[in-house]
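Colleague: Spelled out, the chains give:
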Amino acid sequence: MEYPNTKKKNFFLHVGDFFLNIGKGFVNRFVKFGTRFKEGSLGTKMSHFIMGSGNFYHKRITKGIIYLLLQIGFILIMVLNPKVNNTPIGYKAIVNFFTLGTNEGGLFTGPTDNSMLMLLFGVVTFGIIGIFIFTWNSSIKSSALADQLKKEGKPLNTFKDDLHSLIDEKFHLTMLTPAILGVIMFTILPTIFMIFIAFTDYDSSVIAGQHLFNWVGFKNFTNIFTGKGEIAVRFIPVLTWTLIWAFFATFTNYFGGILVALLINNKHIKFKKVWRTVFMLTIAIPQFISLLAIRLLLSKSGPINTMLIDLGLIKEGIEFLGSATNGIVPKIMIILINIWVGIPFTMLMTSGILMNIPQDLYEAAVIDGANRRQVFFKITLPYVIFVTTPYLISSFVGNITSFNIIFLLTGGGPAVPGGYTAGRTDLLVTWLYKLTIDEGNYNLGAVIGILTFLITATGTLLTYRRSQAFKEEDAFQ
Amino acid sequence: MMNTQAIEQNKKKRMGSLKREKYFTIIFGHLLLVVLAVIWLYPILWIILQSFRVEYNDQNQLVGIVVSHYFPKGLGVQNYVNLFNNSTFVFGRWWLNTLFVSFFTFIISTLFVLSVAYVMSKLKFKSRKVFLSTAIILGLFPGFMSMIAIYYILKAMSLTGSLPALILVYSAGAGLGFYVGKGFFDIIPNSLIESARLDGCTNAGIFAKIILPMSKPIIIYTAITTFMGPWMDFIFAKTIIGEKNRANLTVAFGLYSMIYGEQSDSNLFTTFAAGSVLVALPIVILFISMQKYYVEGVTAGSVKG
Chain A
1 MEYPNTKKKN FFLHVGDFFL NIGKGFVNRF VKFGTRFKEG SLGTKMSHFI MGSGNFYHKR
61 ITKGIIYLLL QIGFILIMVL NPKVNNTPIG YKAIVNFFTL GTNEGGLFTG PTDNSMLMLL
121 FGVVTFGIIG IFIFTWNSSI KSSALADQLK KEGKPLNTFK DDLHSLIDEK FHLTMLTPAI
181 LGVIMFTILP TIFMIFIAFT DYDSSVIAGQ HLFNWVGFKN FTNIFTGKGE IAVRFIPVLT
241 WTLIWAFFAT FTNYFGGILV ALLINNKHIK FKKVWRTVFM LTIAIPQFIS LLAIRLLLSK
301 SGPINTMLID LGLIKEGIEF LGSATNGIVP KIMIILINIW VGIPFTMLMT SGILMNIPQD
361 LYEAAVIDGA NRRQVFFKIT LPYVIFVTTP YLISSFVGNI TSFNIIFLLT GGGPAVPGGY
421 TAGRTDLLVT WLYKLTIDEG NYNLGAVIGI LTFLITATGT LLTYRRSQAF KEEDAFQ
Chain B
1001 MMNTQAIEQN KKKRMGSLKR EKYFTIIFGH LLLVVLAVIW LYPILWIILQ SFRVEYNDQN
1061 QLVGIVVSHY FPKGLGVQNY VNLFNNSTFV FGRWWLNTLF VSFFTFIIST LFVLSVAYVM
1121 SKLKFKSRKV FLSTAIILGL FPGFMSMIAI YYILKAMSLT GSLPALILVY SAGAGLGFYV
1181 GKGFFDIIPN SLIESARLDG CTNAGIFAKI ILPMSKPIII YTAITTFMGP WMDFIFAKTI
1241 IGEKNRANLT VAFGLYSMIY GEQSDSNLFT TFAAGSVLVA LPIVILFISM QKYYVEGVTA
1301 GSVKG
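The listed protein sequences derive, respectively, from chains A and B. FYI, in the working numbering the residues of the first sequence are 1 to 477. FYI, in the working numbering the residues of the second sequence are 1001 to 1305.
If you're looking for bench data, these hints aren't it; they were derived computationally from the structure. It should be emphasised that the depicted structure is a prediction, and the values quoted were computed from it without experimental measurement. Cβ atoms here follow ideal geometry from the backbone N, Cα and C, with glycine treated the same way. The reader is advised that the hints may include incorrect statements.
[Stated by the list, open to error] Dumping the calculated EDC-like pairs for lysine to aspartate or glutamate here, alpha-carbon to alpha-carbon at most 16 Å:
| # | chain 1 | residue 1 | chain 2 | residue 2 |
| --- | --- | --- | --- | --- |
| 1 | B | K1209 | A | D168 |
| 2 | B | K1238 | A | D438 |
| 3 | B | K1124 | B | D1186 |
| 4 | B | K1129 | A | D162 |
| 5 | A | K141 | A | E39 |
[What the hints assert, rightly or not] Facing chain A, a subset of chain B residues (Cβ under 8 Å, in silico):
| # | residue |
| --- | --- |
| 6 | F1104 |
| 7 | F1141 |
| 8 | G1175 |
[As the list claims (entries may be wrong)] According to the in silico footprint, chain A covers these stretches of chain B (three or more CB under 8 Å from chain A):
| # | region |
| --- | --- |
| 9 | 1197-1210 |
| 10 | 1249-1262 |
Can you build the whole structure from these sequences, using the hints too?
Modeller: Structure representation (structure tokens):
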């Protein structure tokens, strides 16, 4: 049978295009700057030095004042270096970003340089400079546009027009700005900061504000292969288990969910809504409750072990989640319990898809004399698998970064002899959590975070470039 | 003649086998579903039962630890009473904290998610593709990686330990979770928007007067998921608020700290169970009554990828 045609373009080419476009954008910008400066009016020329002068030149006072105030504000911040928590923002922050502090301070000499805040404010200052360059460019642009309109004899936008455009042609700016500000503050800034931390020696021996830390280049990364210590010994085992876990978790849930959905949607099954609601319950109940309940149920002297002993099946309680030897039993249990957690989601999703299978596919098959088994294996199953392939890959990626199930069931244990942070069932993400939050080994945590990103990014690039949703988006609209 | 007879017979045979198959499905299918339902409900029912367990030891003290027998020797609401009378673990306060946090989280997040989803789906502007790629890339960094940096940013704003900080953490990045909403808006025909534009409607007018009224399913989906978040998260609550700051905890980490915290007490298990029931109850009711919208959202999100 024919599915919608998916034309294949190598995803490396897409990545290439992406960077090529960015490069082109930069070159175009520079060319534009030259021509604007040469051919612009006096106002446009002045705008390169004093923001808003182009607007004054074209008698658009309000806009000019706004630009001018922005420039004054920027210069004031850069020169005056306002301090937050004793650490400056401004040109000093740029210097501090490279030195990460020089004043170690003695026992009695008062506060020392705080490398962590210096790094953070360095990133903030770079951000402020970036936003300023963007505003500066837009000020020149607005003046150049006014020049052009004047030349063509068209009326200039008034300030009122500009405001009105915010609810019309530029409505996207109004809608996106608050959300983007939130993302910059609480996603982009922290992420960039942590990426930088991966290149420092900020570990548990450093207390920010009391000791300084320094740039160390790629040392933390190369340590995985050459060095000693936790990351060299435990990285490969944790990575292996993470991939094994993600593989089994994805496929058990996927096929389990499809089977349950098929069962519930079978036309002979009664009380469909009741069955569905039973599974829905586990989605609605917070995992810290349900998973802790399971952990307690399975504890060595817990109810399940007692029941098995009473039935005479075992003599002594089994350590389901904490076997001291090699961690095989907890690993199997985690995958099994994850079926309990995950099947309801897949079941819901496949139920929706099963109901939406185009009926003409079935009719055609029945006319051709297909029996029920053939219909199932030749139509239903391939259709479901085809439609859910993007989901399959993205849930694999999601499982790589799943946290709750490991953290709540085993806490990463059983421990590996040698005093390492990462236990036998730790995933990259739970290890990252322990390294940063529990131990304060921020640089190692950041390294793990970046490596996790590289793995998930590879998976996701494959998904998005292959999924028809992304490709046919423009054709569809 | 022979041929038609054979066909008749074949048909009868086939009908018979179909009937047998039908009964097999009915009996075996329902049996299987009952078994699955028992497995899926088992931990939940166990917790509910334990929350009503009231057993006393020889010294007439309440036994709250995990016990090996399933059925309580005494039933009562003593655990629920204790839950609200504990001076270390102030559950009533946590419950109200969580309600406060999740209310504002859901308002801010829903606004962010809907506006970003709509813009990404229906408005064409220059840097749209760049925004989309950036959003995908950002979503790939493990959330816990930047948690400690978020903590220090909040500290620089002198907000750590407060509930507004938690609201900021939960809702500030919400704009990145726009995929499901975008999938929903993609289905709305463009002709609807174009004809409104021809009538002289502004983009803001179209969004407010045409799009929002028909977006009930996606608004409810977003609202459910964002409202539920603060009731379930215990990691960010732990890091941002801190375990020592007991008055400002939310239910999830508060209850977790009863069992695994610094002042945990294994005799508090039945109290923990009672608290769990009181946390799960409102969410389950909300969730089950809105499940239609939730299912729509999950399906839309998955198929769009």
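Colleague: So, for every hint listed, does it hold in this structure?
Modeller: Tested hints:
1. B:K1209 <-> A:D168: Distance ~14 Å between K1209 of chain B and D168 of chain A Cα, so the pair holds.
2. B:K1238 <-> A:D438: Judged against 16 Å, a Cα distance of about 12 Å means the pair holds.
3. B:K1124 <-> B:D1186: Holds, at roughly 13 Å.
4. B:K1129 <-> A:D162: Violated, at roughly 25 Å.
5. A:K141 <-> A:E39: holds, 13 Å
6. F1104: The hint is violated - F1104 of chain B has no Cβ within 8 Å of chain A, the shortest such distance being about 13 Å.
7. F1141: At about 5 Å, which falls below the 8 Å cut-off, the nearest Cβ of chain A leaves the hint on F1141 of chain B intact, so it holds.
8. G1175: With a minimum Cβ separation of about 3 Å from chain A (threshold 8 Å), the hint on G1175 of chain B holds.
9. 1197-1210: holds (count 5)
10. 1249-1262: holds (count 4)
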